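Participant: From the two separate chains plus the hints, produce the assembled complex.
One line per chain: the protein sequences are A and B, in this order. Numbered according to our numbering, the first sequence spans residues 1 to 397. Numbered according to our numbering, the second sequence spans residues 1 to 81.
It should be emphasised that the hints constitute simulated quantities derived from the structure, not laboratory data. None of the values given here were measured: they were computed from a predicted structure. Check before you lean on any hint, since a few could be wrong.
With a cut-off of at most 16 Å between alpha-carbon atoms, the simulated EDC-like pairs for lysine to aspartate or glutamate come out as follows [as the list claims (entries may be wrong)]:
#1 A:K62 / A:D190
#2 B:K34 / A:E344
#3 B:K28 / A:E344
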Amino acid sequence: MADQKRETPRLDQLESGPWPSFVKELKKSRKNPMTEDLLGQLERSYEDKVVHWKHGGLVGVKGYGGGVIGRYSDVAAEFPKCAEFHTMRINQPAGWFYTSTVLRKICDIWEKHGSGITNMHGSTGDVILLGTTTPELEPTFQELTAAGFDLGGSGSAMRTPSCCCGMSRCEWALYDTMALTHDLTMTFQDEMHRPAFPYKFKIKCSGCPNDCVASIARADMSIIGTWRDDIRIDQDAVRAYVAAGTFDMSADVVDRCPTRCMHWDGKKLGIDDSNCVKCMHCINAMPKALRPGTDRGAVILIGSKAPIMGGALLSSVIVPFLKIETPYDDIKEVTQAIWDLWAEHGKNRERVGEFIQRIGLGSFLEQIGLEPCPEMVMQPRTNPYIFYEDESENAEG
Amino acid sequence: MSDQVTVDEVADAMFELVSECYGKKNLKPMDVTKAMIQKFGEDKCSKQLCKEAIRKLMDSGRTIYSYVGGSYMTLPPPAAK
Numbered sequence: 001m002a003d004q005k006r007e008t009p010r011l012d013q014l015e016s017g018p019w020p021s022f023v024k025e026l027k028k029s030r031k032n033p034m035t036e037d038l039l040g041q042l043e044r045s046y047e048d049k050v051v052h053w054k055h056g057g058l059v060g061v062k063g064y065g066g067g068v069i070g071r072y073s074d075v076a077a078e079f080p081k082c083a084e085f086h087t088m089r090i091n092q093p094a095g096w097f098y099t100s101t102v103l104r105k106i107c108d109i110w111e112k113h114g115s116g117i118t119n120m121h122g123s124t125g126d127v128i129l130l131g132t133t134t135p136e137l138e139p140t141f142q143e144l145t146a147a148g149f150d151l152g153g154s155g156s157a158m159r160t161p162s163c164c165c166g167m168s169r170c171e172w173a174l175y176d177t178m179a180l181t182h183d184l185t186m187t188f189q190d191e192m193h194r195p196a197f198p199y200k201f202k203i204k205c206s207g208c209p210n211d212c213v214a215s216i217a218r219a220d221m222s223i224i225g226t227w228r229d230d231i232r233i234d235q236d237a238v239r240a241y242v243a244a245g246t247f248d249m250s251a252d253v254v255d256r257c258p259t260r261c262m263h264w265d266g267k268k269l270g271i272d273d274s275n276c277v278k279c280m281h282c283i284n285a286m287p288k289a290l291r292p293g294t295d296r297g298a299v300i301l302i303g304s305k306a307p308i309m310g311g312a313l314l315s316s317v318i319v320p321f322l323k324i325e326t327p328y329d330d331i332k333e334v335t336q337a338i339w340d341l342w343a344e345h346g347k348n349r350e351r352v353g354e355f356i357q358r359i360g361l362g363s364f365l366e367q368i369g370l371e372p373c374p375e376m377v378m379q380p381r382t383n384p385y386i387f388y389e390d391e392s393e394n395a396e397g
Numbered sequence: 001m002s003d004q005v006t007v008d009e010v011a012d013a014m015f016e017l018v019s020e021c022y023g024k025k026n027l028k029p030m031d032v033t034k035a036m037i038q039k040f041g042e043d044k045c046s047k048q049l050c051k052e053a054i055r056k057l058m059d060s061g062r063t064i065y066s067y068v069g070g071s072y073m074t075l076p077p078p079a080a081k
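Here chain B stands alone, though its shape is the one from the complex (with noise of 0.2 Å):
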């Protein structure tokens, strides 16, 4: 068994991918978190490691929810960076 990754390691990497997206594809949480899954591997990552990540990432503003119709991860405005 692997280690696994940290959630600050996920939460970079979710970071990365939302922000790769931001403006081309609205991404759900679920759709983070099986790509995440995906990157490091069931052995290493898990959706609850994901669901810490995601909150972190939240709670500090890096990202943000938004809603178009379904709820949807993305970055803040650029006048709230």
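Chain A extracted, bound-state conformation (with noise of 0.2 Å):
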């Protein structure tokens, strides 16, 4: 009964360790009901190794599709007050900036109309409120948008576009990715609150190849920041670097370029920028000695995802470079032809990383109007058959 703590042998045992533990945070809020019961049903879980939650059906708030998760006990009958347990996913703020006077009045509506259970943040970024019931749903809602929120996305649309700090606190970042994020975002509402895709849509934006929201693994659309000429060097601030010994710079830095573009002569850094692949690995070791160059931008790929109908993927060059400059209306367009392809053509929960497997980049590219080009190359061919179309045509003509 939920009047009652609940034995949780299974769990106690999570709160062993020196690490930060769910459980703990969980029993701070046990006075809940609802947690004092998801907390019996997750020790159930541990029990029977198996999971005890269903998930889907028909929950939401009028005219959306995206933005909550519905969650249903299938042991209700033991744990009658996690019976429903439906998940809210709320738009978080470009960059992950509150101030905590609005993080307050997020967990005063949350324990009003919720568990009072958070997760700061979920892995597509959004604030994750943790368990409510159907008719609290809309209650919710209204009060999320009267303090400023929104639903973020769920379901086959268009995810809440995530990013990661860039300029605000990162000397790294090589475009505004906030900047970005919030305008994809305002722009694409349609497409994030009304599901109409085949299956779901990531867009995550990093500010360099450093790529700290680990965009290229998890993301169906990776906006990266690069630069399109050389490296600055400080050959003086080398030299430090070597004086110091801190590093072994053949070792550390120049045999660990993925392209040996680098050479070291023992007084001087030489850089082949035209063979640089841009990873940042010389720039993170030799930070006060290597900069970026200035001539900025980012690189656009597509179709990473995790393992859940298929393999995982990792995203792929579908533009290599590209300004970021206000209205992004190459982003905009470039995704827009994306979305008409994949929508009309894609399989019923197919991503696009997978899409683009089946009809082939060549198809995918001609179709969406973009040229072919050698960034676009993830390996090279194992096929020896090359057909040369036009030869073969003047070769008959």
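Facilitator: Right, here's the structure in full:
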């Protein structure tokens, strides 16, 4: 019963390590009967080695197809207070900046209408509010919107775009990730709130190739800051690094260059920028001596995903360099062209990366109106049979 | 060029289709859009018009979204009618 403390011997073990424990945090909220039953159900799951949640269904707020993930207990008779335990995804501010007043407001709303349990933040980037009932969804939504918040994406929609902290705190940001993320979010409200795609579509913006939001592995569309001129070198600072003896220039920097485009003669560092792939390893190793170039923009990659339906995919290049300038029309045009094609021809639950694999990159590029270029090649071809269309046509002529 | 159908006409036709398929087949918004373009013809009914019609249906509550592995259009449960 929810009015008594449930025994949780298995969960208790998860509090015993030196690391932070979600069980410990949940127990702080057990004054809420939903949380008490949640702890009981979770203990039961560890005992049965089975997840006792069903998810999906018809829950949501009026007009929206995303932002609420229905969760129902399949052992509701035993844990009635968490029979319905829906999740709400709240669109986070770009870069995850809040004031403490706003955080308190969100928590107050959630304690009033839900379990009070939050997850800051989910893997999509949203504020995750865990656990409420169907009748509380609409009142929660109304209070959140009055406080200036909106629901994020879920289902077969554009998911809430997210980004690194960008120029607000990071010296490496090569474009304003927060501004772009905010603009894309506002431009594509319909695509986020009204699912119209074959499956989910995630956009993540990283300010530099360090890719702190891991967009290359987690976003259907990754927009990663880069530059196209030369790395700026301060040779005195390079020599100072070597003189300090903190690392071995050859072993730690030059030999780790993925394209072997660097050389060090003991006095001067040289970089063949035409062969540099902008991985940023050398810049990270010697931030006082090396800096990115000044002709900055972003590379757009497409297709990564986690292994839900098929295997995991990493993104690959689709636009090698693009200036990131307001009103961001180029990015929006590419995005819209991809969506138009994929939405019409994608199979149900087929991510855009899988769609490209199925129809072929050449066909995909042709249909969205992009010219192929060498940067799009992920690996050398293994099929030795090459058909040169122009040559054969000429030969026939 | 023929006159375009109105958003309301498309919304009504969409509602009819969703009602017919209720309990038999899950319809994605793109399935409904394609069906409308086929019904009215490309010259009279565009994707944008269908998008507006879907929005109208959802905002009015005549149809709702469901999630069954993917997002679909369906009718609200009887209690909500």
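Participant: Taking the hints in turn, state whether each one holds.
Facilitator: Evaluated hints:
1. A:K62 / A:D190: Judged against 16 Å, a Cα distance of about 14 Å means the pair holds.
2. B:K34 / A:E344: 8 Å, holds
3. B:K28 / A:E344: Holds. K28 (chain B) to E344 (chain A) sits at ~11 Å (cutoff 16 Å).
In this structure, every one of the numbered hints holds.
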